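Q: Assemble the complex: chain A is given as a structure, and chain B must be docked to it using the hints.
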Amino acid sequence: MSGTATYLYAITRPIPPKAVAGMRGVGGAEVRVIDHQEIACLVSTVDLSDFGEQALAAHLEDLNWLARTAREHDEVIRAAARITTTMPLRMATVCLDDAAAQARVETVAESAAAVLPELDDRDEWGVKMFAVGSSADAEQPPEEPATGTAYLLQRRRQLERRDTELETAAGAADAAFARLAEVAVASRHHRPQDQRLSGVPHPMVLNAAFLVDRDAEGTFRAVVAELAAGRPPQALVLTGPWPPYSFVPGEQP
Amino acid sequence: MTAVSRRATEPQAASLVDLLDRLLGVGVVLAGDVTISLAGVDLVTVHLRALVTSVREAEG
Chain A
1 MSGTATYLYA
11 ITRPIPPKAV
21 AGMRGVGGAE
31 VRVIDHQEIA
41 CLVSTVDLSD
51 FGEQALAAHL
61 EDLNWLARTA
71 REHDEVIRAA
81 ARITTTMPLR
91 MATVCLDDAA
101 AQARVETVAE
111 SAAAVLPELD
121 DRDEWGVKMF
131 AVGSSADAEQ
141 PPEEPATGTA
151 YLLQRRRQLE
161 RRDTELETAA
171 GAADAAFARL
181 AEVAVASRHH
191 RPQDQRLSGV
201 PHPMVLNAAF
211 LVDRDAEGTF
221 RAVVAELAAG
231 RPPQALVLTG
241 PWPPYSFVPG
251 EQP
Chain B
1 MTAVSRRATE
11 PQAASLVDLL
21 DRLLGVGVVL
31 AGDVTISLAG
41 VDLVTVHLRA
51 LVTSVREAEG
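Residue numbers (our numbering), protein chains in the order written: chain A, 1 to 253; chain B, 1 to 60.
One or more of the hints may lead you astray.
Partial selection, computed: residues in chain A whose CB lies under 10 Å from chain B [as the list claims (entries may be wrong)]:
1. L197
2. P201
3. A209
Simulated from the structure, these hints should not be mistaken for laboratory data. Quick caveat: nothing in here was measured; it's all calculated off a predicted structure. Beta carbons: idealized from backbone N, C-alpha and C, even for Gly.
Bound-form chain A, shown alone (with noise of 0.2 Å):
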C-alpha cells in the first residue's frame, strides 16, 4: 500500500501553531495543529506503508518498533502537555488524511470539551509498590532436607509463608492505594507488572495512577514519603509527572 495517513497525537485547548514549529513526531514528520473551535489536534503525516491495517498489525509484532514509536508518540504528548491541557489519543490513531481527521475532532469536540477541564492543571503520577523481601523473592530451602516427607512439609511450610506474606502485602498495598487516592482527583489500577519486565526482583502488588492538581503535588509526594518510610528502599516507587494517559476516557475518536 502506498500513500500518506494523518496520524493524530492529542486533542488539546487551542495552540498557536508556532508552538509547535520544530516538534516531530512519529518517523520524524513535523506535528501539525488541526483546530475547531475550542480544542486543537496535534497531527502529522505518516506513511500508508507503516500504518496501513495489515502494517500495522505487522509492525506491532517488532518490539523494537512499538518501543521507538511509543516513545515519538510520548514525546509529542509531553510537549503539548508543557504548553497546554492535553488529553492523549491512543497511539496508532490514525485516519486517511487531514480532512478525515478534521471531520473526526469535529465528531468528538464536544465530549473532548468536556474532559478538558477534568485535566486543566493536573499531572499524572504513577506509584509502583513491591514485596520487597517476601520469601517469593529467593526460594532456597535453609537447609538440606533430610528425608522426602521433611522436604514436602518444609516445602509447605514455605508456600504457606509466602501466601501470607503476599496476602499482607496486597492489604498493604490496598491501603497505600486509598490513603494516595485521597489527594488525588481520580486514580486507577493498571496490572501489576510482570516481575520479568519491571525489572525488579520482587512481586509487584501495586501498580496505579494518580491524577493530582499541581498545586497538591507537594502534598502527594509527602504522602508517597510517609508512605515509603519504614519500608526497604526499592519498596515503593513513584514516577511522573506523565501527560494523563491514564484518565482519558476509553470512548476515543
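A: Just chain B, lined up with the frame of chain A:
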C-alpha cells in the same frame, strides 16, 4: 531518596514498560502472552519472551 525520583520528567527516562502500560491500555503485564489492542480491537498477540527481550534491549 531513590524511591521518590523525578526520572520521568527527563526525556527517555520513563521506563518503557510503564509507558506501554499507559499507551496500550491493556497493560503489558500478564504472565503469559499479551494481546495488544488498539481502539478496542485486538490486533496481535505478542509472546512474553519476545517482549521481555525487546524491552530489555530498548532500555539497555
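Q: Run every hint past the structure and note whether it holds.
A: Consistency of the hints with the structure:
1. L197: This interface hint holds because 5 Å falls under the 10 Å limit.
2. P201: violated, 14 Å
3. A209: With a closest approach of 8 Å, the A209 (chain A) hint holds.
In this structure, only the earlier hint numbered 2 is contradicted, and the remaining ones agree with it.
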